[in-house]
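K.L.:
Listed below are the residues making up each chain.
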Amino acid sequence: MARVRTGVRVVGAVLAAVLGASLAGCSSTGGKRAEERAKAAEAGRPAVSTPRWTFAMVTHAGDGDTFWDIVQKGAKEASAKDNINFVYSHDDQAQQQAQFVQNAIDQKVDGIIVSLAKPDALKDVVGKAVKAGIPVITVNSGSAQSAAYGALAHIGQDEEIAGEAVGTEMTKRGLKKAVCVLHEQGNVGHEQRCAGAKKTFGGSMENLYVEGTNMPSVQAAIQAKLQADPSVDGILTLGAPFAPTAVKAKEAAGSKAEVDTFDLNESVARDLKSGALGFAVDQQPYLQGYEAVDLLWLYRYNGDVLGGGRPVLTGPQIVTADQVGKLEPFIKRGSR
Amino acid sequence: MSAAAPAAADERLAPVSYVRRLLGRPELGAVVGAAAVFVFFSFAADSFLRASSLSTVLYSASTIGIMAVPVALLMIGGEFDLSAGVMVTTSALFSSMFSYQMTANVWVGVAVSLLVTLALGFFNGFMLTRTKLPSFIITLGTFLMLTGLNLGFTKLISGTVSTKTIADMEGFPSARALFASQWNVGSVTLKVTILWWLALVAVATWILLRTRAGNWIFAVGGGADAARATGVPVVKTRIGLYMGVALCAWISGQHILFSFDVVQSGEGVGNEFLYIIAAVIGGCLMTGGYGSAIGSAVGAFIFGMASNGIVYAQWNPDWFKFFLGGMLLLATLLNAWVRKRAEARA
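Residue numbers (the numbering used here), protein chains in the order written: chain A, 3 to 338; chain B, -6 to 339.
By construction, these hints were calculated from the structure, which means they are not laboratory data. The C-beta atom is built at its ideal place from N, Cα and C for all residues, glycine as well. Honestly, I wouldn't trust all of these hints.
[Claimed, not checked] Chain B is faced by these chain A residues, among others (derived, beta-carbon under 10 Å):
#1 79
#2 83
#3 226
#4 229
#5 334
Build the full structure now, drawing on both the sequences and the hints.
P.N.:
In structure tokens form, the structure reads like this:
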């Protein structure tokens, strides 16, 4: 065992040496210092004097999902402004998500925000919340079920309408043969997006399923598709992280196809600006979180309801090279 | 008395024909399986045989293959590593975030990440040898902890679930050249990961067949107690094997970081099974003591052909996973069948 301990000491010494060296080996470009220099201080103090209500948000997000991260950010900033104690939980398994909603009911929260990606599994528990007198707002998915389950309002994007907007835009750009890249097999929302795009697209569109948790395999699969069918002139990815990968695949395959995507992030903004991407369609996730909290607050404070029983749409908004410059600072700070 | 001499000769020392020796190789079944998959897709998909398509297949295979090599060695040594998939992501996240937060040259982050990843491998091996718990439990624990740490730390440090881009930082171009460069030969794009992969297979094969450490790996996998009794350093061998997995996880992680420049913290989950699958198709026994590094490369190649061949064949994508599973199962069965025939004849 003595040898093992010496090993630990050696590793520790080397680690210390490298940490020391890192102070010398600084980068004069990019990095955190550049971010801090650019960042203005934003204070998060409540702007109202209503009681400190507790709102719970329960979503179907998986671990490490960039999209839901922005939703959460919007909800948190609205909570800070509205003097709300905001509690967030998520699980991609419907059963566990329902359990979290039940937990919120048990805690007698003052409002619940829930996403209905698997509406049937959540029907009972949402009904229970409504019966317990807790106002419920649905976000993101479930526009068709929201009112029937007794929710006050639905805030989100209709996936099919968003897809239709994409199809129309791709037709306008003169594309003929497109591939819709789905990074999660079995996700209803993804299927609806592709179906919507297919509906309004003038040319033909095929689906391609890729392994979303394995970026090199995503690239290889898109590359393979483009090599198998050189006549493909449009690629549509359903999430921002996959757009730059599709651009790489297209370059490697020597294809001239235009890449378009759902959702925004820093790399998408960069590629839109440089022309590597055609357009991005944004459903404004920040707005989904922000509006849901704000609307619950308005309901408690003033009895207000938005939408009149119809979903309040946060998208789709089409972002091209022309608009991206204006949005870039917001994308950089992670709220677009 | 003198007539009994030939009968007493040890049959293990008798000269074995070249063909027999070939039939006894663990990767033989995999090679036959790979040939079958190759021929199948050559007929099923028109574009499969093009040079540019084969380079895509090779790239896909290399990203699995780089990890399948140390995983195969580990399996020959009789152990598993379920944390191998997320460890790749951890390694990429670490170099990206360290460079960014310290505003350091990218190479500093790469070096620190190497140490951290090796320390993770050491932790796996050390815990395994110290606690005597099955590797399944130890590495499952590491897997879960790393998955949580990846998400938690990334969120804590960058405020989002993916890292910030480091493409504009010093040292990025040279690091990209080492881990993610590519060459265009006519219409064919060859990635540097293919070189890393081949080099790792060569080194691992040399270690297994030509060095004392290689003998130790086979001995530990065949029976740890017997190996210990004959003086094999079992603890050292096991820790070394886990650190080998960590080293390759670092290489893979840096490739992902420098080719996509932003890392998603939730990635990598489930990939550990792909590495194990590649090693098993390549002839590694799940029980240890038998297998080869070349076999793992052939296994990774089968995986690359199957996953991309389905796209080239333009089959209905709804059935993608089913085809993939079926292909893998068939390849493995063929592999087992050839091996059984070969052993019966040998």
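K.L.:
Would you mind marking each hint as holding or not holding in the structure?
P.N.:
Hint check:
Below 10 Å, beta-carbon pairs count as interface contacts, and residue 79 (chain A) has none with chain B, the closest being about 12 Å; its hint is therefore violated. Interface hint status for residue 83 (chain A): violated, as the beta-carbon distance to the closest one in chain B is roughly 19 Å, over 10 Å. At its closest, the beta carbon of residue 226 (chain A) sits 4 Å from a beta carbon of chain B; the interface hint therefore holds under the 10 Å criterion. A distance limit of 10 Å between C-beta atoms decides the matter here; for residue 229 (chain A) the minimum to chain B is near 5 Å, and the interface restraint holds.
Nearest Cβ of chain B to the Cβ of residue 334 (chain A): about 9 Å, under the 10 Å cut. The hint holds.
In the structure shown, a violation is registered for the earlier hints numbered 1, 2, in ascending order.
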